Amino acid sequence: MPAPLILGISCHFHDAAAALVEGDTILAAIEEERFTRRKHDAEFPVEAIAYCMTQAPGGRRPDAVVVYEDPVLKLDRILASFADEYPGGGSDFRSALRSFVPKATTLPGLIEKALGPGLPMLSVRHHQAHAASAFFASPFDEAAILVIDGVGEWATCSIGSGSDKTLTLTREVRYPHSIGMLYSVFTSYCGFKVNSGEYKLMGLAPFGRARFADLFREHLIEVAADGSFKLDTSYFSFTVGQRMYTDKLVTLMGRPPRAEESRIDAFYADVAASIQEVTEELVLRLATEARRETGMRRLCMAGGVALNCVANGRLARAGIFDEIWVQPAASDAGGALGAALAVAMERSDEPRSRSRFGPQGGSYFGPGYADAEIATLLDELGLVAQHFVDPAERTRRVAASLAEGMVVGRFQGRTEFGPRSLGNRSILGDPRQADMQAKINLKIKFRESWRPFAPAVLAEQAGEIFDLVNHDPYMLFVANVRERLSVDLPADANGLDLIETVQQPRSNLPAITHVDYSARVQCVHRELNSGFWELLDAFRALTGCPVLVNTSFNVRGEPIVNTPSDAIRCFLATDIDVLDIGSSLVFKADNLRAAGEAQKLQGQYVLD
Amino acid sequence: MFSIEADPLTDCFVKVVASYPGTQLPPAPEGTFFAALPAGASTATDLPAGDLVERFLTVAASRGADVDRAVLTAAIEKCEQEPLVTQIMPFHYTIA
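Keeping their order, the protein sequence lines are chains A and B. In terms of my numbering, the first sequence opens at residue 2 and continues consecutively. In terms of my numbering, the second sequence opens at residue 296 and continues consecutively.
Hints were generated in silico from the structure; no laboratory data involved. Predicted model only: the values in this text are computed from it and were never measured. Incorrect hints may appear among the rest.
[Claimed, not checked] Output of the computed footprint for chain B on chain A, the stretches with three or more beta carbons under 8 Å from beta carbons of chain B:
(1) 82-90
(2) 173-183
(3) 225-234
C-beta: ideal position from N, C-alpha, C; glycine also.
Using the sequences and the accompanying hints, generate a full structural model.
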């Protein structure tokens, strides 16, 4: 009897996605935004489902479709939230119910329309799905599990454990007491968009001092000895109004919230540093409790807060657990995968698979395209391209271009599942060049010049460059650049503003070294992505440096490129110098006319 | 003429939300803000298709709420006629 074929769906919240698993083999997983080109698209994932079903063995129909989240419990939470506000909140209640009900009641019909009638439909609780995405996709036989996010139905933080095919969550902290939402409050207060600007807040934190951390501990959050916590809700407004906090919070902070896109001064950097510090403390205390409760030596994590790679790095260094594995699609997109895996493991007669990197592998579960298809497209578009029969020769040319200071767009293999580009849909650059960070930020990504970039490094040499605890392939742990590579700052470095600060090189790899000497490291393992590993190795052979800047292949406000057409459009409309796509290389210098026309057509990017 | 009673959503707000238990934490052992998960919380359940109200009433009853079925049903039926809007504003993300 074949292993159960289960389709998981996450939608109507944010980051809609679909995933198809056969037992614990992940056949496909992809966010809907990659197809629709709408960042964080929450619509029912028609395109993602259609793609996933192309990967079904022999065109087999799924044995069940599983939706991430229980709408009954969510309705309970919505009514309870408004009960807190009653008799206020009437108009917000009307909006909320009008938004929630069509989502809850139309889902079965949408599934039937996409996949035909007669399929069993199930739902898995929000945190159960996150937990399953963390444990069943990991390489661990047994592990403690920690899920931390904004909110699902009720749970905002859950603790449990997994062993073989069994996963049990035992305790939870419930809405409105939420670490994820607390972090989002300050994301918004500091002038960034909720649900997308949290990365910016984390990136801003090292510029500041955590001078408000005690204020937050004293007024905003009470933490019990077991790490569980309670917010003082008088400072927050999660249910009604136009923002997530009350005037009381603004009074406490003593300054108005920062206007979006306005200059960032030291005050807001200090706010970011403070909430980051408090968040890290909470994560450590919860992990300590998970270790105490389960007695297990390994930890799996998921939920949006698990994407806080600075907290993850601190947790890894704390040594509470021997090993930590974080689901790379830890936010709601990963709920589709977790929902599918949860049901597949319930129904499977087969033992879980065993491998060094677990079912998640390199997290390359999206569409890929044949070299011939790409070459034909380049030809049809009239682009001058060089085609290579020998992949090694192409790799050497790309490495040489990088060593000359060129920026390369790499489009190879299957698309990554999760918010990070891991080499297959990546923009790459030479990290040794002092101006590389500003060049990619301003002329290619069109984003704020202070934002840091992550390094991809040969796994074998990662420990020589970074002070690593683990060799994570998903860019989910921050580690410091080794001291021997660090550069002393000039005596007058203190007191510089944000831009001047970031322009001071911190190491011999300035483009990937953040102002606190940290880096969000992707260790590239040959068995997970041989092509990308070989490119890094070729760059190392030329330069002695086994590291490249690796950032997602997109411009600000746009989802990561998905198709060859997306990649070509992004390449032509930006200052990327070389496009490494399939078996072809396209140089900007050979295509200046096409690039000029594309740049004229490039619309205004959407602020994220 | 304006009539509150004629609007199922306002009716639901006044007759259901007003008496619904809030989000206060249930009594927990001293020294913790964790709540224990109920048995069965880890198991997948059937997706409620047409029985959202029926299943919700069971959950509500378990929380000590006596919800007027007719009022809630009318509100849900009214909302079902609304277009599906998923591109929500950030300040609503906790709700929808």
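Tested hints:
Check result for the stretch 82-90 of chain A against chain B: holds, 6 residues qualifying (beta carbon to beta carbon below 8 Å, three or more required). Only residues whose C-beta sits within less than 8 Å of a C-beta in chain B count toward coverage, and the stretch 173-183 of chain A has 7 of them, enough to reach three; the restraint holds. Counting residues of the stretch 225-234 of chain A whose C-beta lies closer than 8 Å to any C-beta of chain B gives 6; at least three are required, and the coverage claim holds.
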